[in-house]
Every structure is written in C-alpha cells, then in structure tokens.
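Student: So the sequences go chain by chain: A and B.
FYI, the numbering for the first sequence is 0 to 753, going by numbering that gives the first Met the number 0.
FYI, the numbering for the second sequence is 0 to 151, going by numbering that gives the first Met the number 0.
Heads up, a few of these hints could be off.
Said to hold, decoys possible - Derived lysine-lysine pairs resembling DSSO-like cross-links, with alpha carbons at most 27 Å apart: (1) K9/B <-> K219/A; (2) K200/A <-> K145/B; (3) K594/A <-> K484/A; (4) K87/B <-> K92/A; (5) K692/A <-> K145/B; (6) K6/B <-> K219/A.
Worth flagging that the hints you see were computed from the coordinates, not collected in a lab.
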Amino acid sequence: MTIVKTNMDRRSFLKASALAGGGLMLSFSWLAGCKPTPEQALTMPKEWFELNSYIKIGENGAVTLFSPNPEFGSNVKTSMPMILADELDTDWKNVFVEQADFYPERYDRQFTGGSQGIRQGWTPLRTAGATARMMLVNAAAQTWKVPAGEITTEAGTIHHKSSNKKAGYGEMASLAATLPVPEEVKLKEIKDFKIIGNSKKNVDGLNIVTGKPLFAIDHKVDGMLYSAIVHPPAFGMKLKSFDASSVKSMPGIKDVFSINVFTEEYERNFFDVATFPEIVAIVGNSTWEVLQAKKALKVEWENAPQSSFAMTDFGGNKSTGSIPAGLENSADHKAKMAEYSAKPGNILRRDGDPEAQFKKAAKVIERTYSAPFLAHNTMEPMNCFADVKGGKAVVYGPTQAPELIMSTLAQALGIPKENIQINLARMGGGFGRRAYSHHLVEAALISQKINAPVKMVYTREDDMTSGVYRPTYTATYRAALDENKNLLAFHVKAGGIPETPIAPNRFPAGAIDNYLAEGWQIESNITIGAFRAPRSNFIASAEQSFLDELAEEMGKDPIAFRLELLKRAETNPVGETNDYDAKRYAGVLELVRDKSNWNTPPAGIHRGVSAYFCHNSYVAEVLDLEMKDNQPTVQKVYAAVDCGIVINPDAAANMGEGAIVDGIGNAFFGELTFTNGVPDKTNFDKYRMIRQKEAPRSIEVHFVKNDVDPTGLGEPLFPPVFAALANSLYKATGKRLYDQPFQPQLIEMGNLKM
Amino acid sequence: MATLNLKVNKKSYTVDVDPNTPVLWVLRDHLNLVGTKFGCGIAQCGACTIHMDGAAIRSCSLPVSAVANSELTTIEGISENGDHPVQKAWLEHDVPQCGYCQAGQIMTAVALLNENPLPSDQEIENAMNGNICRCGTYLRIKAAVKTASQSL
Ligand code: FES
Ligand code: FES
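My request is simple: use the sequences and hints to build the entire structure.
Tutor: Here it is in structure tokens:
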C-alpha cells in the first residue's frame, strides 16, 4: 500500500476561487467544442464544485478533469486525466476533459517534452485523484455519521455497507469541496486499477474528425488582423533595412514594421533559441493579402557580426552565449567534422586501458557514421494568436513550454508576468520544435504594436527555413579484437555541430573492461534544439549499426551478442555510473526475439535488429524488409518496449507506430543542407517526407508487463529504428550504410527504386 | 476585388475578395470554416483537401475564381454529427495523434470511397499517398479506410 503526503503537491489544492482576483483565468474551453456528445451519460450540471486544481464535480455527478500539459499529439490530454479518474474512482464515461490554461500557481511542470509528462505527472496526478476521492468519502462520513474507514467507492458512487447507505459523487461534492484537504492519502494498489491500463479513445477524437477549431491557427475573434513575417534568407544574416512604402498601399495592408524578441539587457534562458530575433512583420486584413505583401516587400539584409549575450544555461549557471559570424556551407561542415573526428576529443569516460588493448589487438574495426541537420516540419506551421492592450496580454499559441517563454514574453512586452495569460492550444505536432516558442513573442509584439488582436502565421517556407534544427553529427566507432575474435576494447568518438551526441554512461559502457568515449563540438550560427529523442536519435543509429557489424565480424548472432554484453553489465558491471538497468534492457531484446520469431524469418524477408535505452525506457526493434521490384519495402516492424506501467495501451501503441514511421522516414529521406547560410530545401516539394506507400505494412508494439512507475514513451521508439533499418538493408543489399539519409545511396546502388 | 458567389456544404455565400485568393484562405478567413488546414501552400501535403463536385482537390492551390460554379464540400460538410462512415472508422481506430492532417486525410478517403467503394490495399496506398501525416498514423489511416469501405 502506498500512502503519500498531500503537501508534496500543495499548489494543486489551491482553489481557483482563492485566486480569482489575481489570475486572468480565461476559459478557452469552448474552443474545443466541449459540449457533451449524445453518447456521454451525463450532461452539464447546474453547478460545479471544485475539489482541487484538477478536478471539479457537478451536482449530477459529472466530472471535469483538467489536463495540465500541452497536447501535441502524444495523447497526454487523454492519458493524464485517466490517471486522475482512476484514483478518483469515477466512471470514465462521466468525465469531461478540459485543457488547463498555463497556470503555474495551480499546476506543476506544464511542459510537454523529454517524454516526461506521464513519468513526472504520475504521483501528483494520482495524489490529486486520491485526495478528491478521500474528501468525497469524508463528506459522506460526516453526512451519514459513520467512520470514513468503513466507506467504499466504486465508479463514482459512495457506499457504506453496514447501514446500506449509497450516494453518487455529485451528492457529496458541495460538502466535499468545503472540507479540509487530508494530510495524507492512500493510493490504489496497481492490481486495482480500472481505467489505467484499459484503452480509452482520444478525448478530442470527435472534434478532430469533424474539423472543429482546436488549433491556435484556427482561432479568431472580432476585429482580428492577420500577420505574416519576413525573416533573413540565411543564417548569419540580419535585417539592414526595409521599405514600408513598397507594400503599404497594397490591398488590405495595415502596417509594416520590424520587431525584436529580445531587449538589450534581457538575460536569455536555455530555451531562448530564437532563430532570427529581429524580423519584419506585415499586418493586414487577411492571410492572402499579407502573403502578397510578404512577396512584394523590398528588404535589405546584411551579414551579421559575431555577437554575444548573457544567459542562464541548462544547469542554471550564468554564462555568455555567442553566435559566430559567417555564411555556412554543408560541404565545409563535412570537412570540419572529418578534421575533428581525426583529432583527440574530450574524454567523457574511460574504463581500463583501452589504448594498450588497441595496440595489441589482432584486428581493429573502425567505422564512421553521420547524419545531417533535420527540420521538424510540424504539420501545423508556427503561428500564434495574441491580443495585447491596456497593459495586459492574452496569448494563445502552440507551445510545449509555456513556462519557459513567459519571461521572454514579459521582457519583450514590458508587461509583468501576472498580466500575461498564455492559453494552451492543441498543437499540430511538436517533436521538440515548440519547446522554443518565440512565435508567441512575435505575435504578442505585433499585437502590441498595432493595438489589435492578431493571428500571425508562418508559411511552410518560413517554418522550414527558420528552424531550430536537429544538429548534424558524426561518430567513429572502433573495436579491438584478439586473434580469437574476443572483444578487447571499445572506443567511440562522436561530435556534431554544435554538440556531441554521446551519453557516455549508457550501454555498451559498463559491459566492456576497456572502454573509451570522447566527444567534441563545432560552433555554428545555425540554430538547433531538441528533436524527438535529442542526441539519442543519432547515436543509437551509429552504435546499433556498429554492434551489428561487430557481431558479424565476431561470428555471433546480433541479439545473442547484445545479450552477452548485457549479462556482463548485469552480473559484473564495469564502473559505477552506468545509467541503465541491464536486466530490463535484455528483457526487451528477449521479448522482441520471441515475438518476431527471430530465428525463423519468413521467406524473402531481410531482418535487422536494434535496441536502445533513453528517456528511462527500453526498446528493442526488429525490422523486416522485402525487396519488391528492386524497391525496399518495410513489411513489418516488431517493437518490444519496457516503459513501466502503460496508461493507455492503444494510444501508446499509436505513439510507438508513429515514432517508428518517423524514424524510417528520416532514415531514408530526412536531410537539410545549407549553401552560404541558406537552407537548400524550403517546402515539401524538395524536403521528402515519408508517405503512406513507404510506411511499414504492419507494426506490432509489445509492452513488457510490470509494476514499475511509468516512464517515457513518445521518444524511445524512435532512436532504435534507424539502425534496425540499416541492418536489414545490409542483409538485403550486402552493403552497409553509414551515412543518413539512405535513399540517395540506395538509388546509387543501381536498379533500386525509391 | 471581386464579388463571388460560392456554394460550400450546400450553403450559398457571397464573398468580396481578390479572385486569385486560394479557396483555402477564403474558407478559413472569410467563411470561418477552419477545419480545412494549411500545411504547405503548394499542393504537396494534402492538409487542405476538400471536394469540388465530389472530387478531392487541394484548396491551397486553386483560386477562388475557379470554383464559383461548383459545389464545394469541406470536413464540416460531410456529416451532421460526425457520423459519416469514414469519420466513424477514424474514431474506431483512434487514428489521430496531433490531428492536424486528419481533415485532409478524411476528405481524400471519402473521395476515394465515393469513387471506389472497395479499394484494394494498393489502391488505398495510391490514393492516400498525397496526404502527409507527420505523426506517422499511416497504418491506422489505411485500416480505417478499409473499415469504412466494409461499412459502406
Ligand atoms: S496546404 Fe494544400 S496541399 Fe499542403
Ligand atoms: S496526426 Fe499529426 S500530422 Fe497526422
């Protein structure tokens, strides 16, 4: 039995009423078309009684659950309320879910990213649900004059057996809402979960398939104007001047001006990655009119000098950020990365005496892997609605990180935080891109300047060419073997522009006596940021491709080889800082081996395996490839996942399928290159995205069943698939692929089509 | 500027816009029909798919002047209560992740099934290939099209 103290999450017990004077607390719930559907058992009550920040209950027993985190497609808006509902012990069909606004006084960590929503929300949400349940039980105890300990609940009803008294939650809600919050509450036993672990449909499903206005880009108010932006054409350039008169007389155009998201004295935070801080904004009566003016605007750019700024880094330390000058080229990037690969890097981990072992090795295998910059290409381009007037601001935009952009907004607008309300829109994809939310600041500055509500929308070209990209990386792996093909030492040296992808304490560290990891990085003015499983998304592909080749060299089955290493890490680990659980890691490999019948692939199928640990979760994948008319076709992908307790299994499988499709797409096609600072691709005509025909024919996602608290899911299925694909392509073509994307090399192999 | 009469989802509208304005922006900005989405603006992603006289078209790349005499249908118009067999199949398979591409996917699927009620896997893949889903829900899309096809 788990008993938790409620004071760990005190802020969720603040009632809205206590804050009503201070916060703006605009309800945007109507945006979601949040009216009850006929299938819903209960309709809107006459009155709501608030039990805590997450839960209010109507007199008729209807329950509203607030989903705290922004939704970008990872299903938190359904799965987080499921956790609340289970501990509250209510009937899911009586639940309405509302997206909470950004409200730091009431909620912790309203951040979607790093696959941490469920992991970090798990205990607070359970506590909030259990506390509300306890308060309802206490209300019944008081009303019936019976001990609370004799009262049970089930699916929204309260029961006292010996007196045979029964009541719905709705009947006790008004009293419960006035009772003190219990000091501690009992959480359910895992075996007693009724909602958690049972698939529930997306709470916004009907709104999505009927085209309801769910996204910031859909928002509209009376008197709203439209805005387009014009940004520098190249990294390393900035605004010199523009001629407002070149467009001011065009139909529908109201104003043209420049804005800057940073004031001089502002101290930036780690997420203040604004691609081009100064841009030109065009405001007018309709999207089409501002897009016409965008094309016609006369504007001059100039090369930006090297610049620096005060910032607080990821660890909270004060530092100075700097942006180098220059117009960068992908060809130069490649040459520079090769140069750095050849030099010694910074030693990140060293076990045993790897150098000595390499010297005495009978054979050394060395392979170098690379991957390019990637654009996130969220389906909904960056955009935002803002209404700033009279010293107050309402901002409604797609952001994964409202808390992080709040300070940026406050300094840019010169408005204190308490007068800024950020409402959280459903996002048309995130993938890390919207952890950097300067589009919110841009829209707010535009609205402030014209003193009217405005919706600013990036074109696809703006979105793709002013990104916060996945960095480009390269990694060189070396293995030393003795004459009997035993592994003596292992060396990885990896870096990128502008960061190293290495996590030095992950597998295979801990499994090899002589191990060396080195990292390096090269500065750049191309803006980069989090992209689904940052760093892991590359290093997993390199490491797992190398292990495959190494296993082959050593004459071992690739799964057996990994399991052997993991056994060593489990029973007699090298070093004390290994950050993975070797047993759980082996568990997913064994599961995928069973589920895929690893040793007996169907006829004509070429198989690759890969596994990785990140975001506290373990994933192994087997990919089945078929060559059909010289065209590589992914027939099937098997994934085995250990992410602890799974809240919403079908939605979790959907997320996993998406990550696998995303990985296959990026491995085959994903690439952004630069010429003189200009991104070489601007839209989907050149930037190839995976489509229906290239998606696997089927995907099976298998979850390890255990009682471990839930961990990340949105990201961990993504990194391993790159190598599973590369390893199966090797089986199919006889050629190892070292450089992403693969498709151009497959074409060069002759006869292959894609 | 020109005054144009449009027929969308069986309703008549009069708009006063630049005749070159793409249908997409007329729907979204002028008629408040925002279910049709902007994804690329160059007929590459399918997010803006609507029907013109029953056929799927890319509304981002068609000037409004070209549709004055046509019947347009958007995601808002395929059913009263979200109970078109394709919408129902989408819910059954819990297809959407972020949901942004799904109006376009559904409009393409409806047009396909209107023309070919029992498409093969390959016909589904071909028809749906123009609609990008960045979240990667392709398998569920295909499964939902099949389910809808069986219930037609
Ligand atoms: S917006 Fe029309 S096809 Fe992409
Ligand atoms: S569901 Fe997100 S783009 Fe398709």
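Student: Against each hint, give a clear statement of whether it holds in the structure.
Tutor: Consistency of the hints with the structure:
About 24 Å separates the Cα atoms of K9/B and K219/A, which keeps this hinted pair within 27 Å; it holds. Straight-line distance between C-alpha atoms of K200/A and K145/B comes to about 19 Å, which keeps the hinted pair within the 27 Å bound. The hinted pair formed by K594/A and K484/A fails the criterion: a straight-line CA distance of about 30 Å is larger than 27 Å. Distance check on the hinted pair: K87/B and K92/A sit about 18 Å apart at the alpha-carbon level, within 27 Å; holds.
A hinted pair counts as satisfied when its Cα atoms are at most 27 Å apart, and K692/A with K145/B qualifies at roughly 16 Å. Distance hint between K6/B and K219/A is fulfilled; the C-alpha atoms sit about 22 Å from each other, no more than 27 Å.
Of the hints listed earlier, the one the structure fails to meet is number 3.
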